[in-house]
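Visitor: Please take these sequences and the hints and turn them into a complete structure.
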Amino acid sequence: MSDVVDPVVVVRNLTVSVPHDSGSIAVLDGAELTVNSGSRLGLVGESGSGKSMLCRAILGTLHRHDARVSGGTIHIQGRDASFFNDSDWHRLRGTVLGYVSQASLAGLNPTLTVRRHLVHAARAVMALDTRSAERCALEAIEMVELPRANRILDEYPSQLSGGMRQRVVIASALLQRPKLLVADEPTTALDVTVQKSIMDLLVRLTTSLGMSLVLVTHDLALVEEYTNEVVVLYAGATVEAGRTGDVLNDPRHPYTQALQSSRLRLGDKKLTSGMWLPGAPPQPGEWPQGCRFTPRCPHAQDVCSSGGQPRLEAVLSVRRTACIRSEEVFGT
Amino acid sequence: MAALNNGRRRRPRVTTHGAFLALAIPIIVGLVGSRLSPYGLNDTSVGEAFSKPSFSHPFGTDQIGRDVFTRVLAAIPINLTVALVAVTIPFVVGTVIGAIIGVTPSRWVRSTVETVLESVAALPLTLFALAVVAIVGPGLTGLIGAVIVTNWARYARISSAAATKLRTIEYVEAARLLGYSWPRILVRHVVPNSFREALAYAYNDLVVVMLLVASLSFLGLGVVPPTPELGAMIRDGRLFLGKAPWLTLLPGGTIVVLSVLITRVSIKQSDPNRVV
Amino acid sequence: MTELAVEVTDLSVRFKSSRGHFVDAVRHVSLEVQAGEVFGVVGESGSGKSTLVRVLAGLVKPTDGKVQIFGHDVNESRRLFGRRSQRLNASNVQMVFQDPYSSLNPYLTPLQAVTEVVRIRQRLSRRDSREAAAAALEEVGISKARAQHKPLSLSGGQLQRVSLARALAANPEILIADEPTSAIDQSMQARILELLLGATRDRGLTIVIVSHDLAVIGHTTSKMVVMKAGEVVEAGATDEILTRPSAAYTQRLLEAVPGRRSRPLG
Numbered sequence: 001m002s003d004v005v006d007p008v009v010v011v012r013n014l015t016v017s018v019p020h021d022s023g024s025i026a027v028l029d030g031a032e033l034t035v036n037s038g039s040r041l042g043l044v045g046e047s048g049s050g051k052s053m054l055c056r057a058i059l060g061t062l063h064r065h066d067a068r069v070s071g072g073t074i075h076i077q078g079r080d081a082s083f084f085n086d087s088d089w090h091r092l093r094g095t096v097l098g099y100v101s102q103a104s105l106a107g108l109n110p111t112l113t114v115r116r117h118l119v120h121a122a123r124a125v126m127a128l129d130t131r132s133a134e135r136c137a138l139e140a141i142e143m144v145e146l147p148r149a150n151r152i153l154d155e156y157p158s159q160l161s162g163g164m165r166q167r168v169v170i171a172s173a174l175l176q177r178p179k180l181l182v183a184d185e186p187t188t189a190l191d192v193t194v195q196k197s198i199m200d201l202l203v204r205l206t207t208s209l210g211m212s213l214v215l216v217t218h219d220l221a222l223v224e225e226y227t228n229e230v231v232v233l234y235a236g237a238t239v240e241a242g243r244t245g246d247v248l249n250d251p252r253h254p255y256t257q258a259l260q261s262s263r264l265r266l267g268d269k270k271l272t273s274g275m276w277l278p279g280a281p282p283q284p285g286e287w288p289q290g291c292r293f294t295p296r297c298p299h300a301q302d303v304c305s306s307g308g309q310p311r312l313e314a315v316l317s318v319r320r321t322a323c324i325r326s327e328e329v330f331g332t
Numbered sequence: 001m002a003a004l005n006n007g008r009r010r011r012p013r014v015t016t017h018g019a020f021l022a023l024a025i026p027i028i029v030g031l032v033g034s035r036l037s038p039y040g041l042n043d044t045s046v047g048e049a050f051s052k053p054s055f056s057h058p059f060g061t062d063q064i065g066r067d068v069f070t071r072v073l074a075a076i077p078i079n080l081t082v083a084l085v086a087v088t089i090p091f092v093v094g095t096v097i098g099a100i101i102g103v104t105p106s107r108w109v110r111s112t113v114e115t116v117l118e119s120v121a122a123l124p125l126t127l128f129a130l131a132v133v134a135i136v137g138p139g140l141t142g143l144i145g146a147v148i149v150t151n152w153a154r155y156a157r158i159s160s161a162a163a164t165k166l167r168t169i170e171y172v173e174a175a176r177l178l179g180y181s182w183p184r185i186l187v188r189h190v191v192p193n194s195f196r197e198a199l200a201y202a203y204n205d206l207v208v209v210m211l212l213v214a215s216l217s218f219l220g221l222g223v224v225p226p227t228p229e230l231g232a233m234i235r236d237g238r239l240f241l242g243k244a245p246w247l248t249l250l251p252g253g254t255i256v257v258l259s260v261l262i263t264r265v266s267i268k269q270s271d272p273n274r275v276v
Numbered sequence: 001m002t003e004l005a006v007e008v009t010d011l012s013v014r015f016k017s018s019r020g021h022f023v024d025a026v027r028h029v030s031l032e033v034q035a036g037e038v039f040g041v042v043g044e045s046g047s048g049k050s051t052l053v054r055v056l057a058g059l060v061k062p063t064d065g066k067v068q069i070f071g072h073d074v075n076e077s078r079r080l081f082g083r084r085s086q087r088l089n090a091s092n093v094q095m096v097f098q099d100p101y102s103s104l105n106p107y108l109t110p111l112q113a114v115t116e117v118v119r120i121r122q123r124l125s126r127r128d129s130r131e132a133a134a135a136a137l138e139e140v141g142i143s144k145a146r147a148q149h150k151p152l153s154l155s156g157g158q159l160q161r162v163s164l165a166r167a168l169a170a171n172p173e174i175l176i177a178d179e180p181t182s183a184i185d186q187s188m189q190a191r192i193l194e195l196l197l198g199a200t201r202d203r204g205l206t207i208v209i210v211s212h213d214l215a216v217i218g219h220t221t222s223k224m225v226v227m228k229a230g231e232v233v234e235a236g237a238t239d240e241i242l243t244r245p246s247a248a249y250t251q252r253l254l255e256a257v258p259g260r261r262s263r264p265l266g
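Protein chains in written order, with our numbering: chain A, 1 to 332; chain B, 1 to 276; chain C, 1 to 266.
Quick caveat, the hints were computed from the structure, so don't treat them as lab data. This one's a predicted model, so the numbers in the text were calculated from it and none came from an experiment. Quick reminder that beta carbons are idealized off the backbone N, C-alpha and C, glycines included. There may be inaccurate statements among the hints.
Computed list of lysine-lysine pairs in DSSO-like fashion (alpha-carbon distance at most 27 Å, straight line) [said to hold, decoys possible]:
(1) C:K228 to A:K269
(2) C:K66 to C:K228
(3) C:K150 to B:K165
For the chain B half of the interface with chain C, some residues (derived, Cβ under 10 Å), not all of them [unchecked claim]:
(4) I169
(5) Y171
(6) A174
(7) H189
Guide: Structural data, given as structure tokens:
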């Protein structure tokens, strides 16, 4: 792993729990993530994988969902987040950590013009007079490449298309030029042409702002197209991590392999039986013993269901996998 | 707890069973208790008038020596049953009518009927009840009738709004494609999924109606004496507030306790973390 | 010469929005679907693709033009929607919807829901209907045990399969799948599509698949149309259109599809 540049976020062996009945249930257990400066990382997971919880853990918003860290570590810019109090997190959000998601689109107040929304957002985090805040808002709109910025500022969200609204949301997340932008399924509800333009924008912004991007998605095609590193999450644990091209072309975990095989591609015609996995990913509270992928894994053997969820181990120079049989299954 | 729900957010669930059971208990206690009591409802005993609460008369006696406790026990089922009837009938009628209105495809028809509903629902309950009683004279029938005639529209409004959303929901469209007739769709799919909102209102309404009946009885416009009823008992007792405060405070306290009981039950039933 | 399952001639659908102005959701669309074919309708949001198929299903009234399902005018059938005997014949179009979470009544278990359909459509006794329903659910991979749980406990993929079983239990001649895989995890998408295609083979069903995902259409359909702003922009054989599109819009759609660089795993 290249540690030459200081990683922005390092998550190690993270356990996150939520209360349930009279006790608690782990929704993440064995989650690992490293976001290097300037990299674009794909966080891949399906339902029940815990990918949204992992985002909340990094952003310090777990408590809003009744969840808490019950094991492992999170380091933001080298500092241990378990010592953060509310005001520490508050300072980080916006200046270091930015967030954009599907829900953010609904968060655009329909009674506020774009200008008021951005000015309000700017003044909430920075001590600015009106004129500076307005300038800040204008710069933000231009940064997300919305044409005729002055006109856009006076529009209401309902007058804008889905793609334009998403750009406004991105603009408000980038007001303080954070070091890391976490984008949680930012393009799910958007048409494919709009998706491309938003993703292209995000890629350009990572270069121009020297910003890292965590793209949370279940769509491997997006990961392939727009990220250079990838972390695969299954049932609350990281099962594989490495460079995107390597992982997708030469996976070292049966789940990654299955995900890649299940992709429907333009140009392929046939649906083959290897294209889907039986069953469904286990939900928190229903995780099986041993490796959580065992019930659906085509390569599972007895050894896989003993012990706990395997940890990530290095297999190739910059690849880590949690499959204890990876050498037998995939070769060296 | 999105993670535990396949990512779906859970709507607060309001169910019926627990609530009705909870209300049945005080009703039964009241009925049985008043029967078991050694004192009759109207056993007067002038010599014992105005006795303070004691072991033999837990709530004391009133101005003509009747045991207050027995009367309160007898009044509880009356207050509760009247409230239940005055709420259940509008609830059922209003919810069904509202569901039918909600699924009407014609936007024009829907808005016209909804305007009518809003007008009826806008009639203030208490004033209307007073007006009705002024015309037909005091008595429970007039009172309950007045409540039913205005309140059903409120339930219909709530249920109609919920049903309108359901008109285009996928499982209703599926039912149409499968050839279900609209009455069947209403019974099977629309009403069961739209009455929850009205039910939440109904719990609140129980308390409101109970207090309305007690208030009107307090004014002498509700029950006819000597039927025991908590509001009427407060009315009778208020003349002796200095001498025998328990005659007003205890029946009044009972009303408060019943209201709190109903409210607590409705809160528990609406707990969003409850599994259906 | 196979019959025409669907024949749409110059169809237009106009809605009045809640604000009072008119929306032309579908404009002068014509298309044909042969019996037994798997037909694709591709478009982005606002293209009118969902409105179009809802007209085919009889859920939406056409403003202009003609739509025939196996020779019967859809409008005629719509008017008879209320009468039971006609309904049983007219509703030979069933649908699987995009949102699996609102496709099932939350108070009915899958087994109850499908049993009801079997009873109404196949006129079997209560016990036979239940058995037939359980079998139909097994065919789509839902065990009898799981079929007796309320929908709340099922995953999106499972819910979608239940919807499919319910639609098939009504013995349709045409099945419309409106974005059947959009709300489902990737590892389960191919399964739904495979089940859909299996239904064509086994029952000679005609299937219309609506999707914004060109790969889904490419894997399943033999003929397709591309829609934009209510109009058909391109129509023809799927393979042709996806490799040599003639319309500029189709070209743009193809270019916007991410992830075409990696090869499938050998």
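Visitor: Hint by hint, where does the structure go against what was stated? Just the numbers, ascending.
Guide: Violated hints: none; all satisfied.
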